[in-house]
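J.: Residues in the sequence shown are numbered from 1400 upward in steps of one, following this note's numbering.
Some hints here could point you the wrong way.
Claimed, not checked - The calculated DSSO-like cross-link candidates involving lysine-lysine, where the alpha carbons are at most 27 Å apart (straight line), are:
#1 K1460 / K1538
#2 K1460 / K1493
#3 K1469 / K1538
#4 K1493 / K1529
#5 K1485 / K1529
#6 K1529 / K1469
#7 K1529 / K1460
#8 K1493 / K1469
#9 K1469 / K1485
#10 K1555 / K1529
#11 K1460 / K1485
As the list claims (entries may be wrong) - Using C-beta positions, here's what the derived DEER-type ranges look like:
#12 S1489 / E1545: 18 to 28 Å
#13 A1564 / D1536: 37 to 47 Å
#14 A1548 / G1478: 36 to 46 Å
#15 G1508 / D1554: 14 to 24 Å
#16 S1489 / Q1509: 30 to 40 Å
#17 S1565 / D1500: 31 to 41 Å
#18 P1475 / E1552: 27 to 37 Å
#19 Q1523 / D1554: 18 to 28 Å
#20 T1566 / S1489: 20 to 30 Å
#21 Q1544 / V1491: 20 to 30 Å
#22 V1482 / P1507: 17 to 27 Å
#23 D1524 / D1500: 30 to 40 Å
#24 P1475 / Q1509: 17 to 27 Å
Read the hints as simulated data drawn from the structure, not as lab findings.
Quick reminder that beta carbons are idealized off the backbone N, C-alpha and C, glycines included.
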Amino acid sequence: MKKTLISRALFTATATGGALLIAGGIASAHVSVVAPGATQGGYTVLTFRVPTESDAASTTKVTVALPDLKSARTEPMPGWTSVVEKDPTSLVAKSVTWTADPGVGVGPGQFQQFVLSAGPLPTQDEIEFKAVQTYSDGKIVNWDQEALADGSEPDKPAPTLTLAASTGDAHGANAATATESTTESANDNTARWLGGAGLVLGALGAALGLGALVRSKRS
1400 MKKTLISRAL FTATATGGAL LIAGGIASAH VSVVAPGATQ GGYTVLTFRV PTESDAASTT
1460 KVTVALPDLK SARTEPMPGW TSVVEKDPTS LVAKSVTWTA DPGVGVGPGQ FQQFVLSAGP
1520 LPTQDEIEFK AVQTYSDGKI VNWDQEALAD GSEPDKPAPT LTLAASTGDA HGANAATATE
1580 STTESANDNT ARWLGGAGLV LGALGAALGL GALVRSKRS
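Let the hints inform the model, and build the full structure from the sequences given.
T.: Right under this line is the structure:
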(Lines of atoms letter the chains of each structure in order from A and count residues from 1; the text may use other names and numbers.)
(Lines give C-alpha, C1' and ligand atoms only; values in the text may rest on other atoms or scores of the structure.)
Protein backbone atom coordinates (compact mmCIF):
# COMPACT_ATOMS: atom_id res chain seq x y z
CA MET A 1 0.00 0.00 0.00
CA LYS A 2 2.89 2.36 0.83
CA LYS A 3 4.47 1.72 -2.58
CA THR A 4 1.13 2.48 -4.23
CA LEU A 5 0.83 5.83 -2.43
CA ILE A 6 4.40 6.80 -3.32
CA SER A 7 3.86 5.79 -6.96
CA ARG A 8 0.69 7.93 -7.10
CA ALA A 9 2.53 10.89 -5.59
CA LEU A 10 5.41 10.56 -8.06
CA PHE A 11 3.01 10.26 -10.99
CA THR A 12 1.04 13.32 -9.88
CA ALA A 13 4.16 15.42 -9.37
CA THR A 14 5.65 14.41 -12.72
CA ALA A 15 2.41 15.01 -14.61
CA THR A 16 1.86 18.36 -12.92
CA GLY A 17 5.43 19.42 -13.55
CA GLY A 18 5.12 18.52 -17.23
CA ALA A 19 1.85 20.42 -17.54
CA LEU A 20 3.32 23.52 -15.90
CA LEU A 21 6.32 23.40 -18.19
CA ILE A 22 4.16 23.12 -21.30
CA ALA A 23 1.84 25.90 -20.11
CA GLY A 24 4.69 28.28 -19.28
CA GLY A 25 6.87 27.31 -22.22
CA ILE A 26 10.57 26.58 -22.14
CA ALA A 27 11.47 30.14 -23.10
CA SER A 28 12.77 30.91 -19.60
CA ALA A 29 15.29 28.06 -19.90
CA HIS A 30 16.02 28.18 -16.17
CA VAL A 31 16.58 25.31 -13.77
CA SER A 32 13.48 25.31 -11.57
CA VAL A 33 11.67 23.26 -8.92
CA VAL A 34 7.98 22.43 -8.43
CA ALA A 35 6.19 20.59 -5.63
CA PRO A 36 2.39 21.07 -5.70
CA GLY A 37 0.94 21.18 -2.19
CA ALA A 38 4.30 21.42 -0.41
CA THR A 39 3.91 22.68 3.18
CA GLN A 40 6.25 23.90 5.88
CA GLY A 41 7.50 20.99 7.95
CA GLY A 42 5.89 18.44 5.64
CA TYR A 43 7.05 15.78 3.22
CA THR A 44 6.72 16.19 -0.53
CA VAL A 45 7.97 15.15 -3.96
CA LEU A 46 10.32 17.72 -5.48
CA THR A 47 10.61 17.86 -9.26
CA PHE A 48 13.64 19.70 -10.62
CA ARG A 49 13.25 20.77 -14.26
CA VAL A 50 16.56 21.12 -16.05
CA PRO A 51 16.65 22.49 -19.62
CA THR A 52 19.77 22.42 -21.79
CA GLU A 53 20.66 25.95 -22.92
CA SER A 54 23.68 24.95 -25.00
CA ASP A 55 23.31 24.55 -28.76
CA ALA A 56 26.18 22.08 -29.02
CA ALA A 57 26.55 20.22 -25.70
CA SER A 58 24.36 18.01 -23.50
CA THR A 59 23.65 18.24 -19.78
CA THR A 60 25.47 15.32 -18.15
CA LYS A 61 25.40 16.19 -14.45
CA VAL A 62 23.15 18.11 -12.05
CA THR A 63 23.86 18.82 -8.39
CA VAL A 64 21.25 20.39 -6.09
CA ALA A 65 21.94 21.70 -2.57
CA LEU A 66 19.41 20.53 0.02
CA PRO A 67 18.31 22.30 3.26
CA ASP A 68 19.50 19.61 5.70
CA LEU A 69 16.72 17.10 5.05
CA LYS A 70 16.24 14.03 7.22
CA SER A 71 14.83 12.09 4.29
CA ALA A 72 15.84 12.37 0.62
CA ARG A 73 15.10 9.54 -1.82
CA THR A 74 15.69 9.70 -5.57
CA GLU A 75 13.51 8.15 -8.25
CA PRO A 76 15.29 5.56 -10.46
CA MET A 77 16.12 6.99 -13.89
CA PRO A 78 17.38 4.82 -16.76
CA GLY A 79 20.79 6.05 -17.90
CA TRP A 80 21.41 8.15 -14.77
CA THR A 81 23.09 7.50 -11.43
CA SER A 82 21.95 9.44 -8.36
CA VAL A 83 23.84 10.00 -5.11
CA VAL A 84 22.55 11.74 -1.97
CA GLU A 85 25.36 13.37 0.00
CA LYS A 86 24.83 13.25 3.78
CA ASP A 87 26.57 14.89 6.70
CA PRO A 88 28.69 12.16 8.34
CA THR A 89 27.70 13.27 11.84
CA SER A 90 24.05 14.32 11.68
CA LEU A 91 23.25 12.16 8.61
CA VAL A 92 21.03 14.89 7.17
CA ALA A 93 20.97 15.17 3.38
CA LYS A 94 23.11 18.09 2.17
CA SER A 95 22.89 17.64 -1.60
CA VAL A 96 21.88 15.27 -4.38
CA THR A 97 23.73 14.66 -7.66
CA TRP A 98 22.45 13.04 -10.84
CA THR A 99 25.15 11.88 -13.28
CA ALA A 100 24.46 10.62 -16.80
CA ASP A 101 25.95 7.33 -17.96
CA PRO A 102 28.41 7.50 -20.89
CA GLY A 103 26.58 8.43 -24.08
CA VAL A 104 23.54 9.70 -22.17
CA GLY A 105 22.54 13.30 -21.52
CA VAL A 106 19.96 16.02 -21.97
CA GLY A 107 20.57 17.25 -25.50
CA PRO A 108 20.22 20.75 -26.99
CA GLY A 109 16.59 21.88 -27.09
CA GLN A 110 15.59 19.24 -24.52
CA PHE A 111 14.86 19.20 -20.80
CA GLN A 112 14.80 16.53 -18.08
CA GLN A 113 12.89 16.21 -14.81
CA PHE A 114 14.73 14.89 -11.76
CA VAL A 115 12.47 13.70 -8.94
CA LEU A 116 13.23 13.59 -5.22
CA SER A 117 11.00 12.47 -2.34
CA ALA A 118 12.04 14.61 0.63
CA GLY A 119 11.21 16.02 4.05
CA PRO A 120 10.50 17.33 6.49
CA LEU A 121 10.78 20.70 4.78
CA PRO A 122 11.99 23.79 6.70
CA THR A 123 9.39 25.95 8.43
CA GLN A 124 9.88 29.01 6.24
CA ASP A 125 8.02 30.69 3.40
CA GLU A 126 10.55 29.91 0.65
CA ILE A 127 13.40 27.50 0.05
CA GLU A 128 16.28 28.00 -2.34
CA PHE A 129 17.77 24.93 -4.01
CA LYS A 130 21.04 26.18 -5.47
CA ALA A 131 22.04 24.01 -8.41
CA VAL A 132 25.10 23.28 -10.54
CA GLN A 133 24.62 22.15 -14.14
CA THR A 134 27.50 20.46 -15.98
CA TYR A 135 27.69 20.07 -19.76
CA SER A 136 29.41 17.43 -21.89
CA ASP A 137 31.93 20.02 -23.13
CA GLY A 138 33.04 20.75 -19.56
CA LYS A 139 31.09 23.98 -19.11
CA ILE A 140 29.64 24.49 -15.62
CA VAL A 141 26.66 26.76 -14.89
CA ASN A 142 25.81 27.78 -11.33
CA TRP A 143 22.13 28.45 -10.64
CA ASP A 144 22.57 30.31 -7.36
CA GLN A 145 21.69 33.99 -7.85
CA GLU A 146 19.09 35.66 -5.63
CA ALA A 147 16.44 38.10 -6.80
CA LEU A 148 17.77 41.55 -7.61
CA ALA A 149 17.08 44.57 -5.42
CA ASP A 150 14.56 45.96 -7.91
CA GLY A 151 12.65 42.67 -7.85
CA SER A 152 13.71 41.60 -11.33
CA GLU A 153 15.01 38.11 -12.07
CA PRO A 154 18.77 37.58 -12.30
CA ASP A 155 20.46 35.79 -15.19
CA LYS A 156 21.02 32.52 -13.29
CA PRO A 157 18.40 32.43 -10.50
CA ALA A 158 18.48 29.73 -7.84
CA PRO A 159 15.49 27.38 -8.08
CA THR A 160 13.02 28.58 -5.44
CA LEU A 161 10.02 26.84 -3.90
CA THR A 162 7.21 28.63 -2.03
CA LEU A 163 5.78 26.65 0.89
CA ALA A 164 2.23 26.78 2.23
CA ALA A 165 1.60 27.11 5.96
CA SER A 166 1.76 23.90 7.95
CA THR A 167 -1.44 21.85 8.11
CA GLY A 168 -0.41 20.19 11.36
CA ASP A 169 0.14 16.86 9.58
CA ALA A 170 3.87 16.84 9.01
CA HIS A 171 3.98 13.35 7.58
CA GLY A 172 1.27 13.75 4.95
CA ALA A 173 1.24 10.56 2.92
CA ASN A 174 3.04 8.69 5.73
CA ALA A 175 0.15 9.40 8.10
CA ALA A 176 -2.31 8.16 5.50
CA THR A 177 -0.24 5.03 5.04
CA ALA A 178 -0.24 4.38 8.80
CA THR A 179 -4.01 4.81 8.95
CA GLU A 180 -4.59 2.43 6.06
CA SER A 181 -2.15 -0.08 7.58
CA THR A 182 -4.07 0.04 10.86
CA THR A 183 -7.35 -0.48 9.00
CA GLU A 184 -5.90 -3.39 7.06
CA SER A 185 -4.61 -4.94 10.30
CA ALA A 186 -8.04 -4.61 11.94
CA ASN A 187 -9.75 -6.13 8.88
CA ASP A 188 -7.24 -8.97 8.85
CA ASN A 189 -7.84 -9.72 12.56
CA THR A 190 -11.61 -9.67 11.98
CA ALA A 191 -11.28 -12.07 9.07
CA ARG A 192 -9.14 -14.42 11.15
CA TRP A 193 -11.67 -14.33 14.03
CA LEU A 194 -14.55 -15.09 11.69
CA GLY A 195 -12.56 -17.84 10.06
CA GLY A 196 -11.75 -19.38 13.45
CA ALA A 197 -15.38 -19.14 14.54
CA GLY A 198 -16.43 -20.81 11.31
CA LEU A 199 -14.07 -23.72 11.95
CA VAL A 200 -15.41 -24.14 15.49
CA LEU A 201 -19.03 -24.12 14.30
CA GLY A 202 -18.17 -26.53 11.52
CA ALA A 203 -16.54 -28.94 13.97
CA LEU A 204 -19.53 -28.68 16.31
CA GLY A 205 -21.93 -29.38 13.46
CA ALA A 206 -19.91 -32.40 12.41
CA ALA A 207 -19.94 -33.71 15.98
CA LEU A 208 -23.73 -33.30 16.26
CA GLY A 209 -24.23 -35.04 12.95
CA LEU A 210 -22.05 -37.96 14.00
CA GLY A 211 -23.95 -38.26 17.29
CA ALA A 212 -27.27 -38.33 15.44
CA LEU A 213 -25.95 -41.02 13.11
CA VAL A 214 -24.84 -43.19 16.05
CA ARG A 215 -28.23 -42.80 17.78
CA SER A 216 -30.00 -43.70 14.55
CA LYS A 217 -28.02 -46.94 14.18
CA ARG A 218 -28.74 -47.92 17.80
CA SER A 219 -32.45 -47.44 17.20
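J.: Output the numbers, in ascending order, of every earlier hint that fails for this structure.
T.: 3
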